Amino acid sequence: MTTITRTQATPSTTSTTKPQLVERARPVVLGLFRVVTSALFLIHGLAGFGFFGGIDGQGGAVPFGSFPGFWASVIEVVGAVLILLGVATRPAAIVLSGVMAYAYFTVHAPMGLLPMQNMGEPAALYSWIFLTIAATGPGAFALGNLRKRAEKVRQ
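If you're matching positions, the sequence shown starts at 0 in numbering that gives the first Met the number 0 and goes up one per residue.
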(Lines of atoms letter the chains of each structure in order from A and count residues from 1; the text may use other names and numbers.)
(Lines give C-alpha, C1' and ligand atoms only; values in the text may rest on other atoms or scores of the structure.)
Protein backbone atom coordinates (compact mmCIF):
# COMPACT_ATOMS: atom_id res chain seq x y z
CA MET A 1 0.00 0.00 0.00
CA THR A 2 1.33 3.40 -0.93
CA THR A 3 0.92 6.39 1.31
CA ILE A 4 0.75 9.85 -0.07
CA THR A 5 2.17 12.61 2.00
CA ARG A 6 1.46 16.20 1.32
CA THR A 7 4.17 18.74 1.70
CA GLN A 8 3.43 22.35 2.05
CA ALA A 9 5.17 24.50 -0.51
CA THR A 10 7.32 27.23 0.92
CA PRO A 11 7.57 30.44 -1.00
CA SER A 12 10.93 30.94 -2.61
CA THR A 13 12.94 34.04 -1.93
CA THR A 14 12.53 35.26 -5.49
CA SER A 15 8.75 35.37 -5.22
CA THR A 16 8.91 37.60 -2.16
CA THR A 17 11.65 39.89 -3.44
CA LYS A 18 10.04 40.59 -6.80
CA PRO A 19 7.08 42.52 -5.35
CA GLN A 20 9.44 44.34 -3.00
CA LEU A 21 11.69 45.29 -5.91
CA VAL A 22 8.71 46.49 -7.94
CA GLU A 23 7.43 48.58 -5.02
CA ARG A 24 10.87 50.09 -4.43
CA ALA A 25 11.29 50.88 -8.13
CA ARG A 26 7.82 52.39 -8.58
CA PRO A 27 8.60 55.91 -7.24
CA VAL A 28 11.83 56.05 -9.23
CA VAL A 29 10.12 54.99 -12.47
CA LEU A 30 7.26 57.45 -11.87
CA GLY A 31 9.75 60.22 -11.12
CA LEU A 32 11.74 59.54 -14.29
CA PHE A 33 8.50 59.36 -16.30
CA ARG A 34 7.43 62.73 -14.85
CA VAL A 35 10.79 64.42 -15.49
CA VAL A 36 11.21 63.17 -19.07
CA THR A 37 7.60 63.88 -20.04
CA SER A 38 7.62 67.38 -18.57
CA ALA A 39 10.98 68.22 -20.17
CA LEU A 40 9.61 67.21 -23.57
CA PHE A 41 6.43 69.18 -22.91
CA LEU A 42 8.46 72.22 -21.85
CA ILE A 43 10.11 72.15 -25.27
CA HIS A 44 6.63 71.90 -26.82
CA GLY A 45 5.47 74.97 -24.88
CA LEU A 46 8.60 76.98 -25.63
CA ALA A 47 8.08 76.36 -29.35
CA GLY A 48 5.06 78.67 -29.05
CA PHE A 49 7.49 81.48 -28.19
CA GLY A 50 9.75 80.74 -31.16
CA PHE A 51 12.29 78.48 -29.46
CA PHE A 52 13.41 75.12 -30.90
CA GLY A 53 12.24 75.99 -34.40
CA GLY A 54 9.04 77.67 -33.27
CA ILE A 55 5.57 76.75 -34.40
CA ASP A 56 6.49 76.73 -38.08
CA GLY A 57 9.97 75.21 -37.99
CA GLN A 58 11.42 78.62 -38.94
CA GLY A 59 11.44 80.16 -35.45
CA GLY A 60 8.00 81.72 -35.70
CA ALA A 61 6.14 82.44 -32.49
CA VAL A 62 2.49 82.70 -31.62
CA PRO A 63 1.44 86.40 -31.66
CA PHE A 64 1.67 87.99 -28.21
CA GLY A 65 -1.60 87.84 -26.30
CA SER A 66 -3.46 85.80 -28.93
CA PHE A 67 -6.07 83.36 -27.72
CA PRO A 68 -5.70 80.46 -27.34
CA GLY A 69 -2.19 80.01 -28.77
CA PHE A 70 -0.19 82.46 -26.68
CA TRP A 71 -2.00 81.66 -23.44
CA ALA A 72 -1.78 77.94 -24.12
CA SER A 73 2.00 78.31 -24.48
CA VAL A 74 2.19 80.22 -21.19
CA ILE A 75 0.16 77.55 -19.39
CA GLU A 76 2.22 74.78 -21.01
CA VAL A 77 5.54 76.31 -19.95
CA VAL A 78 4.47 77.10 -16.38
CA GLY A 79 2.80 73.71 -15.95
CA ALA A 80 5.75 71.83 -17.41
CA VAL A 81 8.18 73.60 -15.06
CA LEU A 82 5.98 72.83 -12.03
CA ILE A 83 5.72 69.17 -13.01
CA LEU A 84 9.42 68.96 -13.86
CA LEU A 85 10.32 70.28 -10.40
CA GLY A 86 7.65 68.19 -8.70
CA VAL A 87 5.88 71.16 -7.14
CA ALA A 88 2.06 71.18 -7.19
CA THR A 89 2.38 68.23 -9.56
CA ARG A 90 -1.18 66.93 -9.38
CA PRO A 91 -2.97 70.27 -9.93
CA ALA A 92 -0.56 71.23 -12.72
CA ALA A 93 -1.04 67.84 -14.38
CA ILE A 94 -4.84 68.18 -14.25
CA VAL A 95 -4.62 71.62 -15.88
CA LEU A 96 -2.23 70.40 -18.60
CA SER A 97 -4.39 67.36 -19.27
CA GLY A 98 -7.34 69.68 -19.82
CA VAL A 99 -5.29 72.04 -22.00
CA MET A 100 -4.25 69.19 -24.26
CA ALA A 101 -7.78 67.76 -24.38
CA TYR A 102 -9.03 71.22 -25.38
CA ALA A 103 -6.32 71.42 -28.05
CA TYR A 104 -7.30 68.03 -29.40
CA PHE A 105 -11.02 68.75 -29.64
CA THR A 106 -10.79 72.33 -30.92
CA VAL A 107 -7.77 72.15 -33.22
CA HIS A 108 -7.36 68.55 -34.32
CA ALA A 109 -10.76 66.84 -34.16
CA PRO A 110 -12.40 69.15 -36.74
CA MET A 111 -9.85 67.90 -39.30
CA GLY A 112 -10.81 64.25 -38.85
CA LEU A 113 -12.13 61.73 -36.36
CA LEU A 114 -8.98 59.78 -35.56
CA PRO A 115 -5.67 61.13 -34.26
CA MET A 116 -3.85 59.56 -37.21
CA GLN A 117 -6.06 61.56 -39.57
CA ASN A 118 -5.96 64.90 -37.76
CA MET A 119 -2.33 64.97 -36.49
CA GLY A 120 -3.65 65.02 -32.93
CA GLU A 121 -1.63 62.13 -31.54
CA PRO A 122 0.68 64.31 -29.41
CA ALA A 123 -2.27 66.23 -27.95
CA ALA A 124 -4.18 63.04 -27.14
CA LEU A 125 -1.12 61.34 -25.66
CA TYR A 126 -0.11 64.32 -23.54
CA SER A 127 -3.67 64.63 -22.26
CA TRP A 128 -3.69 61.02 -21.07
CA ILE A 129 -0.10 61.17 -19.81
CA PHE A 130 -0.83 64.19 -17.62
CA LEU A 131 -4.02 62.58 -16.36
CA THR A 132 -1.91 59.56 -15.38
CA ILE A 133 0.61 61.77 -13.57
CA ALA A 134 -2.26 63.48 -11.73
CA ALA A 135 -3.59 60.10 -10.64
CA THR A 136 -0.27 58.52 -9.63
CA GLY A 137 1.54 61.50 -8.15
CA PRO A 138 5.04 62.81 -8.74
CA GLY A 139 7.09 59.79 -7.72
CA ALA A 140 10.70 60.29 -6.68
CA PHE A 141 12.91 63.35 -7.28
CA ALA A 142 10.10 65.83 -6.54
CA LEU A 143 10.71 69.01 -4.57
CA GLY A 144 7.24 68.60 -3.09
CA ASN A 145 8.51 65.42 -1.38
CA LEU A 146 11.20 67.46 0.41
CA ARG A 147 8.55 69.79 1.80
CA LYS A 148 6.53 66.81 3.05
CA ARG A 149 9.62 65.35 4.75
CA ALA A 150 10.38 68.68 6.42
CA GLU A 151 6.81 68.86 7.76
CA LYS A 152 7.15 65.34 9.20
CA VAL A 153 10.41 66.27 10.92
CA ARG A 154 8.78 69.32 12.51
CA GLN A 155 5.97 67.20 13.97
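Just so you know, the hints here were simulated from the structure itself, not pulled from any lab data.
Accuracy of the hints is not assured; some may be wrong.
Unchecked claim - If you anchor each label on the Cβ, the simulated ranges turn out as follows:
| id | residue 1 | residue 2 | range |
| --- | --- | --- | --- |
| 1 | 143 | 69 | 25 to 31 Å |
| 2 | 147 | 105 | 35 to 41 Å |
| 3 | 25 | 63 | 38 to 44 Å |
| 4 | 59 | 23 | 26 to 32 Å |
| 5 | 19 | 131 | 19 to 25 Å |
| 6 | 18 | 54 | 42 to 48 Å |
| 7 | 143 | 23 | 39 to 45 Å |
| 8 | 86 | 48 | 36 to 42 Å |
| 9 | 66 | 42 | 20 to 26 Å |
| 10 | 18 | 110 | 27 to 33 Å |
| 11 | 62 | 35 | 14 to 20 Å |
All values reported here derive from a predicted model rather than from experimental measurement.
Using N, Cα and C, we set each Cβ at its ideal position, and we do this for glycine too.
Hints versus structure:
| no. | hint | in the structure |
| --- | --- | --- |
| 1 | 143 / 69: 25 to 31 Å | 28 Å, holds |
| 2 | 147 / 105: 35 to 41 Å | 37 Å, holds |
| 3 | 25 / 63: 38 to 44 Å | 42 Å, holds |
| 4 | 59 / 23: 26 to 32 Å | 46 Å, violated |
| 5 | 19 / 131: 19 to 25 Å | 24 Å, holds |
| 6 | 18 / 54: 42 to 48 Å | 46 Å, holds |
| 7 | 143 / 23: 39 to 45 Å | 20 Å, violated |
| 8 | 86 / 48: 36 to 42 Å | 22 Å, violated |
| 9 | 66 / 42: 20 to 26 Å | 22 Å, holds |
| 10 | 18 / 110: 27 to 33 Å | 46 Å, violated |
| 11 | 62 / 35: 14 to 20 Å | 31 Å, violated |
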